[in-house]
Amino acid sequence: MPKVVFLGSFLGGVSEAMLGHAPPGYEVVTYSTYITDEEKAERVRDADFILMLEGRLPGAVMEAAPGLRLIQLATAGYDTVDLVAAARLGIPVSNMGVVIAATVAEHTVAMMLAVLRRLAYVDHLVKQGSWRDEETGCMGVPELGESTVGIVGLGNIGQTVARRLQGFESRLLYADIVAYPDAEKALGIRRLPLNEVLGESDVVTIHVPLTPSTRSMIGERELSLMRPGAVLVNTSRGPVVNEAALIRALEDGRIRGAGLDVFEEEPLARESPLRRMNSVLLSPHIAGNSGVTWHRRGKFAFDNFQRVMRGEEPLSLVHPD
Amino acid sequence: MPKVAYITHSSPEVIEVVVGLAPPGYEVVSRHHSAPEEEKVEIARDADFIILHSGRLSEELLRNAVRLRLLQLLSAGYENVDLDLMAELGIPVANVGGANREGVAEMAVALMLAVYRRLVALDAGVRAGRWREGLSTGLDTFELGGKTVGIVGFGRIGQIVARRLQGFDNTILYCDVVAYPEAERELGAERVSLEHLLRESDVVTVHVPLLPENRGLIGKRELSLMRPTAILVNTARGPIIDERALISVLKEGRIRGAGLDVFEQEPINQDNPLLEMENVVLAPHAAGGTYESWPRRAAFAYQNFQRVMEGKEPLSLVQE
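Note that the protein sequences, when read in sequence, are chains A and B.
Its first residue numbered 0, the first sequence is counted upward by one per residue in numbering that gives the first Met the number 0.
Its first residue numbered 0, the second sequence is counted upward by one per residue in numbering that gives the first Met the number 0.
For reference, chain A alone in the conformation it holds in the complex (with noise of 0.2 Å):
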């Protein structure tokens, strides 16, 4: 009987949902992702598949698993796990951002239309009294459509960010190590390099996964190069983008707003100067939280596991950088 060791963060109606999923005959047992790693290589010793949402994977745990078939990641990142560990141990590492992306995308474009409308500020200017005024409206307020978005990574999120944004008729962009010429073709987008695509974009979106090569990739010199009114959303991984080069390109005003999920510390250090600029949206790393998501991702990783015990090769493996 095959056991699954499920590290949650969301534990509740969250676990429910997706363990639900589970076939006849699977063994399932959950444990909070935040304990000890002394605490997971005790768990998970005669596990043959981890699920895992959320926290860290280190080798000393996958070591503590000689009968290990799969780490199944419930998150489109795999920055938490050691992969070169994963790798050395012929442990495969599978994330799932493809069934992740229709809910990122969407808190994505909701953030894009909220930072560039300042709906929270707003929101909260009219709870205080205020009306229209200088502050709240009306000139100054870009709309999406008339705006070129440039999608930086164009995976299975970036990809989905671009077919959301069909109806808009916006200008899409994207800068990606990989060419997507169907996509391209599909959904009416332009390959250019990174540098072109940030210089050219009154909205930015990232896409990218966190690796060594994708650390810092937004900074002082990336942001330099974005126009005057343009805006930075953020629903990948904090520290893609460098967040102190970012918050002096906020401060003076050198662009426009930000939509960000995610942070270099996360919960958002409490001195995080974020936390006052009105310019900024700011979401506690719940993008791909949705009602319908856990099961979506339950399905998927139980799938996963049937595959391996058929013998075959998983579905969205993932690869050290």
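In short, the hints are calculated from the structure, not lab data.
Any given hint could turn out to be false.
As the list claims (entries may be wrong) - A partial selection of chain A residues facing chain B, derived with a Cβ cut-off under 8 Å:
hint: 1; residue: 12
hint: 2; residue: 105
hint: 3; residue: 106
hint: 4; residue: 113
hint: 5; residue: 116
hint: 6; residue: 119
hint: 7; residue: 121
hint: 8; residue: 145
hint: 9; residue: 162
hint: 10; residue: 167
Heads up, the beta-carbon is just placed ideally off N, CA and C, and yes, glycines get one too.
Following the hints, complete the assembly by docking chain B onto the known chain A.
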């Protein structure tokens, strides 16, 4: 040389855009609504055209505007104009056609997403150091993708909303006194009764003008037809929805939330219970006021004046 009197609540930046786009040969004089009444009457007295944006004009001003050939609004709504008086004076009134439709449509979609994704509450939480508080179950944000969106009023703005949603794989329903077979085909929308739309939609968004017959169109009975998980978006005019009834259903959790740019009373009263509600996103009747809309609005107005100068009927007349 045609003279234009431009009376507005807008900021100096907007006024500059509108005045700056006047064709050669037009003289445009602007006054803020807060200017003394005599000044407004004075600039209207020999005006061929009036551009009005928000607010009302006095009967005295209109009766004294003896050369007036068209009252041109820069808004879609026209409830602030006394149409009976204008008919008596024989002066046509035009709204701004589609010039603000993109802005309003984008705001409607922005509000749908903001309510579903709980953006405002989450932002406040992160700022206050309450990371993910209120999301403890992880099940309380929602996706617009794949949902049924009901568009009440399928005119210019309602159709652009449907267009903006093309990438979201929605089922799109609309109700309107008019059928739009071409738009239905192009946008994949289906015309149904208001009752059917309210029962079937996850998101209901309102895009009808405030005509007498639309006042209270969404009242207690209509709200009771909505799904308990549904949200309501209003970027049209406040009185189309019975606000007291809306407040009750929101309080009692009989619908999930609302995104509101317009209210029965504007500015919104400070004791309005909507101000205290976490499942409501509020904006100060600013949906159409985007940067790009002002040049479009001004261009529409001046084109309409040219039509009148050439003896043609102006576009977007609002009289019955």
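Can we keep the residue 119(A) interface hint, with Cβ of chain B closer than 8 Å? The hint holds - residue 119(A) has a Cβ within 8 Å of chain B, the shortest such distance being about 4 Å.
Quick check on residue 105(A) please, does its C-beta sit within 8 Å of some C-beta on chain B? Result: holds, 6 Å to nearest chain B Cβ.
Minimum Cβ distance from residue 167(A) to chain B below 8 Å? Holds - the Cβ of residue 167(A) comes within 8 Å of chain B, reaching about 6 Å at its closest.
Does the nearest C-beta of chain B fall within a distance shorter than 8 Å of the C-beta of residue 116(A)? This interface hint holds because 5 Å falls under the 8 Å limit.
Chain B contact restraint for residue 121(A) - C-beta distance below 8 Å: With a minimum Cβ separation of about 5 Å from chain B (threshold 8 Å), the hint on residue 121(A) holds.
Against chain B, with CB atoms and a cut of 8 Å, does the hint on residue 113(A) hold up? Given a least distance of 5 Å, the restraint on residue 113(A) holds.
Hold the hint about residue 162(A) up to the distance rule: shortest CB distance to chain B must be less than 8 Å. Residue 162(A) check passes; min Cβ-Cβ to chain B is 5 Å, inside 8 Å.
Given residue 106(A) as an interface hint, is the shortest Cβ-Cβ distance to chain B below 8 Å? holds, 6 Å
Given hint residue 12(A) near chain B, where the shortest CB pair must fall under 8 Å: With a closest approach of 4 Å, the residue 12(A) hint holds.
Is the shortest C-beta separation between residue 145(A) and chain B less than 8 Å? Hint holds; residue 145(A) Cβ to chain B Cβ min 5 Å, cut 8 Å.
Against the hints set out earlier in the document, no violation occurs for any number.
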